[in-house]
Amino acid sequence: MSMVRNRSWLGWSILLLGFAFLYLPILLLMLYSFNSSRLATVWAGFSTKWYGELFRDRQLLEAAWVSLKVAFWTATASMVLGTMAAMAMTRFTRFPGKTVFGALVTAPLVMPEVIIGLSILLMLVSMGAMFGLPSKGVVAIWIAHVTFTISFVTVVVSSRLQELDRSLEEAAMDLGANRLKVFFLITLPIIAPALLSGWLLAFTLSLDDVVIASFVAGPSSTTLPMKIFASVRMGVSPKINALATLMVLLVSTVSVLGWWISARAEKRRQRDMQLALQENG
Amino acid sequence: MSTPAANPASDINEAATLRQRLRQWLPGARSAVIGVPYLWLLLFFAIPFLIVLKLSFAKMASSIPPYTSLIEYVDVDKAFTVHLNLGNYTQLLADSQYVLAYLSSIKIAVVATFFTLLIGYPMAYVISRMSPSARNIAMMLVVLPSWTSFLIRVYAWIGILDSNGLVNRALQALGLIDEPLHILYTPLAAYIGIVYCYLPFMVLPLYANLVKLDNRLLEAAYDLGAKPWQAFVRITLPLSRSGIVAGCMLVMIPAVGEFVIPEMLGGPDTLMIGRVLWGEFFNNRNWPLASAVAIVMLVLLLIPILLFNRAQQRELEGKLA
Chain A
0 MSMVRNRSWL GWSILLLGFA FLYLPILLLM LYSFNSSRLA TVWAGFSTKW YGELFRDRQL
60 LEAAWVSLKV AFWTATASMV LGTMAAMAMT RFTRFPGKTV FGALVTAPLV MPEVIIGLSI
120 LLMLVSMGAM FGLPSKGVVA IWIAHVTFTI SFVTVVVSSR LQELDRSLEE AAMDLGANRL
180 KVFFLITLPI IAPALLSGWL LAFTLSLDDV VIASFVAGPS STTLPMKIFA SVRMGVSPKI
240 NALATLMVLL VSTVSVLGWW ISARAEKRRQ RDMQLALQEN G
Chain B
0 MSTPAANPAS DINEAATLRQ RLRQWLPGAR SAVIGVPYLW LLLFFAIPFL IVLKLSFAKM
60 ASSIPPYTSL IEYVDVDKAF TVHLNLGNYT QLLADSQYVL AYLSSIKIAV VATFFTLLIG
120 YPMAYVISRM SPSARNIAMM LVVLPSWTSF LIRVYAWIGI LDSNGLVNRA LQALGLIDEP
180 LHILYTPLAA YIGIVYCYLP FMVLPLYANL VKLDNRLLEA AYDLGAKPWQ AFVRITLPLS
240 RSGIVAGCML VMIPAVGEFV IPEMLGGPDT LMIGRVLWGE FFNNRNWPLA SAVAIVMLVL
300 LLIPILLFNR AQQRELEGKL A
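Here the protein sequences come in this chain order: A and B. Following numbering that gives the first Met the number 0, the residues of the first sequence are numbered contiguously, the last one being 280. Following numbering that gives the first Met the number 0, the residues of the second sequence are numbered contiguously, the last one being 320.
No wet-lab data here; the hints were simulated from the structure. Each residue gets a CB set at the ideal place from its N, CA and C atoms; glycine is no exception. Be aware that one or more of the hints could be misleading.
Said to hold, decoys possible - Okay, derived cross-link-like pairs now, DSS-like style, lysine-lysine, Cα gap no bigger than 25 angstroms in a straight line:
| hint | chain 1 | residue 1 | chain 2 | residue 2 |
| --- | --- | --- | --- | --- |
| 1 | B | Lys77 | B | Lys53 |
| 2 | A | Lys135 | B | Lys58 |
| 3 | A | Lys266 | B | Lys211 |
| 4 | B | Lys226 | B | Lys211 |
| 5 | B | Lys53 | A | Lys135 |
Claimed, not checked - With the C-beta cut set under 10 angstroms, the calculated list includes, among others, these residues of chain A facing chain B:
| hint | residue |
| --- | --- |
| 6 | Trp11 |
| 7 | Gly17 |
| 8 | Val209 |
With the rest of the complex left out, here is chain A (with noise of 0.2 angstroms):
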């Protein structure tokens, strides 16, 4: 007995390390974009200003509505092509060039952002040059953050996909529909939640880079990662704290409402597939 309680004293310790790691840093920068004073560091009162200052900025400001509008499309588009190659990873056992296919769904995971940021930019160039389309700014910055957004699509909607009853598809294939219709009538209302996630991740993500849109944006469109970036090199500024604190507060209210949507779909599913089968039973 006493062992176990040892452990789950020494197991709550440890968590609550882990969470003051992770969140101190973030309620800090929070906290000090409360400060009246230029210098970030040195607490010298409570004031608002710098968020007044925020928003007027004319400049941070376009850049985040370009952020947004990239964002948007980019998990849009992503959502769509990330399911589908879920799809075709768990559900199509063999297809011709699988083994490639997989390499390409799983390797923009871990590849170094440099290395995706400057292959897409030279290959927009090449592309630019035999079509004479432009190969920088938004359009451009959209191609690449969709493809290395697909694959974090892919695995959160694959996962779904596994764990997912297929006698349930099963039976309405036995009952006459066609796999599309079963895609749309049984598939996609089970994995909806997943989806949901795949597109905050992908909008999330798109919204977050700095490195390869730095590479494809060119001088007529900058994101607001990359004004961000630009003034920190300078050193800390009040005004930056004001905007994180403003984007940590949007991005947790909407992902914790995810979660809980998500959460709740889930719960409710679950209930309704017990009272089917007491039904049935």
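Using the hints, position chain B against chain A.
Frame of chain A, contents of chain B only:
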């Protein structure tokens, strides 16, 4: 719509042919599901590497785009000539700065991965032993920071490690140091940044692995008289090997090419190959040399990437690793 079932027989026929047509089209749907993402990734992920490879044999030029073409048509000889310039690679080997950058990147990545594992494993283990609902909340708390901007999380450490920052003032208040320690803009700060930012990527696969661990194995070991640490070393640790490998690869491979963390926290003494590539590309505008730097980095990372690919592919297909 306005004339419901004017001719039921033809309607049924029509539906049947429609279904037939759909069925004919279905192999099309199957190939589209495979083909569309396949084509996208080939075009924007695989082929670009060939272009990087090609460009690494080119020369820098003051044109747009800023490099020479490998194949040239010489009118006098009526022949194509291929210029394979090995100069970029010999420069990488000859200049010790590049070799040192590769070695120091690998060292930093390996050491940081080790510390990430040291912090991440106990966390993942404790969470995996909690009740299912507590587990979900704890894992969400682990992942949540990585959903908030990476750049901002790195930036947060500038204020903490600064000579006026929290760490130094706390140590001074405790009377442990008289002079502020220089942590910011040193390799130590880069290590802290990497461990901090990549910790969730270590915990995630470890947790996924440890949560599947069969408790009865540990109970059996205890019944047979094993001490907790013996049970841990001989059962838990070997069974979680695939999680350890996945976590370490997820941290180490991208950390080797990391640019933002050493640039923001590491100062001039933190030599990493991602920074070298960035400098060659943006500051020197030497695209061919940057390409050669990328190709050598890829070759160095090839074995870890292949290891990761194989494990991940099994995971995607639902086979037990």
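Going down the list of hints, with the structure as the test:
With a C-alpha separation of about 24 angstroms, the suggested pairing of lysine 77 of chain B with lysine 53 of chain B holds against the 25 angstroms cut-off. Between lysine 135 of chain A and lysine 58 of chain B the alpha-carbon distance is near 22 angstroms, which keeps this suggested pair within the 25 angstroms criterion. A distance of roughly 21 angstroms separates the Cα atoms of lysine 266 of chain A and lysine 211 of chain B; the hinted pair therefore holds under the 25 angstroms criterion. Restraint check: the Cα-Cα separation between lysine 226 of chain B and lysine 211 of chain B comes to about 22 angstroms, which is no more than 25 angstroms; the hinted pair holds.
Pair hint lysine 53 of chain B plus lysine 135 of chain A holds up; C-alpha atoms about 20 angstroms apart against a cutoff of 25 angstroms. With a cut of 10 angstroms, the hint placing tryptophan 11 of chain A at the interface with chain B holds, because the nearest CB-to-CB distance is about 8 angstroms. About 4 angstroms separates the beta-carbon of glycine 17 of chain A from the nearest beta-carbon of chain B, less than 10 angstroms, and the hint is met. Residue-level restraint check for valine 209 of chain A holds (minimum Cβ-Cβ distance to chain B is 6 angstroms; threshold 10 angstroms).
In summary, this structure violates none of the numbered hints.
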